[in-house]
Amino acid sequence: GAGVSQSPRYKVAKRGQDVALRCDPISGHVSLFWYQQALGQGPEFLTYFQNEAQLDKSGLPSDRFFAERPEGSVSTLKIQRTQQEDSAVYLCASSFAGGALQETQYFGPGTRLLVL
Amino acid sequence: QKEVEQNSGPLSVPEGAIASLNCTYSDRGSQSFFWYRQYSGKSPELIMFIYSNGDKEDGRFTAQLNKASQYVSLLIRDSQPSDSATYLCAVKQSGGSYIPTFGRGTSLIVHP
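Residue numbers (our numbering), protein chains in the order written: chain A, 1 to 116; chain B, 1 to 112.
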């Protein structure tokens, strides 16, 4: 496809359940970002990959959150032992290189996670 | 801590009017600035970016940057009901950090 895709689009999990969210960036895009967006808030940075290297994971809220991009394309965000406060929209974005200040990010449709 | 501040609104304007959206930022090292539009339940989409002081125009949209005062604004001329959305300001710093910081967004309502 031409854009960033994410799956699933919606996920309902019981508290304590593990979830895995997938992001398929635009082909050829080196940089990949994960954000968490709570209702009424802007996207909050979680983690950043350049190819397969995770260069920044300072935004991951706890060690229950883990992200990987093993082959430098598709990425998975995993949340272990989900809590109600994890309920949010998880956005993935990609950019061609990530090194230019004016370079823009292209967002996927997001995964809406609800933890009951 | 790097902060990007936006009034959450809602900002309500009549159709055909100019909508003015403002954003302030705390880090003087900020170098590039982005405006995204986000419709309810959808993902953010880029409208404009600006990195030089002054105005940048693209169709009905004008971004204005004043680094000395640390604010960036977005003007929407001839506002249409289809412009009703949340507008997110994002700021990037220089010095190796390519990760933008987003404001919470301003909700714009354009009423007929």
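Treat the hints loosely; a few may be bogus.
To be verified - Sample of chain B residues facing chain A (criterion: CB under 8 angstroms; computed from the structure):
no.: 1; residue: Pro14
no.: 2; residue: Phe34
no.: 3; residue: Ser43
no.: 4; residue: Pro44
no.: 5; residue: Ile47
no.: 6; residue: Ile99
As the list claims (entries may be wrong) - Mimicking SDA-like on lysine to any residue, the simulated pairs with C-alpha atoms at most 25 angstroms apart in a straight line are:
no.: 7; chain 1: B; residue 1: Lys2; chain 2: A; residue 2: Ala38
no.: 8; chain 1: A; residue 1: Lys11; chain 2: A; residue 2: Thr104
no.: 9; chain 1: A; residue 1: Lys57; chain 2: B; residue 2: Asp27
no.: 10; chain 1: A; residue 1: Lys11; chain 2: B; residue 2: Ser12
no.: 11; chain 1: B; residue 1: Lys2; chain 2: A; residue 2: Ser5
no.: 12; chain 1: A; residue 1: Lys57; chain 2: A; residue 2: Glu68
no.: 13; chain 1: A; residue 1: Lys57; chain 2: A; residue 2: Ala20
no.: 14; chain 1: B; residue 1: Lys42; chain 2: A; residue 2: Gly28
no.: 15; chain 1: B; residue 1: Lys2; chain 2: B; residue 2: Pro112
no.: 16; chain 1: B; residue 1: Lys42; chain 2: A; residue 2: Gly59
no.: 17; chain 1: B; residue 1: Lys2; chain 2: A; residue 2: Lys11
no.: 18; chain 1: B; residue 1: Lys56; chain 2: A; residue 2: Gly28
no.: 19; chain 1: B; residue 1: Lys42; chain 2: A; residue 2: Val12
no.: 20; chain 1: B; residue 1: Lys2; chain 2: B; residue 2: Gln31
no.: 21; chain 1: B; residue 1: Lys42; chain 2: A; residue 2: Ser5
no.: 22; chain 1: B; residue 1: Lys42; chain 2: A; residue 2: Ala53
no.: 23; chain 1: B; residue 1: Lys42; chain 2: A; residue 2: Arg9
no.: 24; chain 1: B; residue 1: Lys42; chain 2: A; residue 2: Leu39
no.: 25; chain 1: B; residue 1: Lys2; chain 2: A; residue 2: Gln50
no.: 26; chain 1: B; residue 1: Lys2; chain 2: B; residue 2: Gly29
no.: 27; chain 1: B; residue 1: Lys2; chain 2: B; residue 2: Gln64
I should point out that these hints are in silico values taken from the structure, not numbers from a laboratory. Using N, Cα and C, we set each Cβ at its ideal position, and we do this for glycine too.
Results for each hint:
no. : hint                : verdict
1   : Pro14               : violated (25 angstroms)
2   : Phe34               : holds (7 angstroms)
3   : Ser43               : holds (4 angstroms)
4   : Pro44               : holds (5 angstroms)
5   : Ile47               : violated (10 angstroms)
6   : Ile99               : holds (5 angstroms)
7   : B:Lys2 to A:Ala38   : holds (19 angstroms)
8   : A:Lys11 to A:Thr104 : violated (28 angstroms)
9   : A:Lys57 to B:Asp27  : holds (21 angstroms)
10  : A:Lys11 to B:Ser12  : violated (34 angstroms)
11  : B:Lys2 to A:Ser5    : violated (29 angstroms)
12  : A:Lys57 to A:Glu68  : holds (11 angstroms)
13  : A:Lys57 to A:Ala20  : holds (17 angstroms)
14  : B:Lys42 to A:Gly28  : holds (24 angstroms)
15  : B:Lys2 to B:Pro112  : violated (38 angstroms)
16  : B:Lys42 to A:Gly59  : holds (22 angstroms)
17  : B:Lys2 to A:Lys11   : violated (32 angstroms)
18  : B:Lys56 to A:Gly28  : violated (29 angstroms)
19  : B:Lys42 to A:Val12  : holds (18 angstroms)
20  : B:Lys2 to B:Gln31   : holds (13 angstroms)
21  : B:Lys42 to A:Ser5   : holds (13 angstroms)
22  : B:Lys42 to A:Ala53  : violated (29 angstroms)
23  : B:Lys42 to A:Arg9   : holds (11 angstroms)
24  : B:Lys42 to A:Leu39  : holds (12 angstroms)
25  : B:Lys2 to A:Gln50   : holds (23 angstroms)
26  : B:Lys2 to B:Gly29   : holds (10 angstroms)
27  : B:Lys2 to B:Gln64   : holds (20 angstroms)
Hint violations for this structure: numbers 1, 5, 8, 10, 11, 15, 17, 18 and 22, all remaining hints satisfied.
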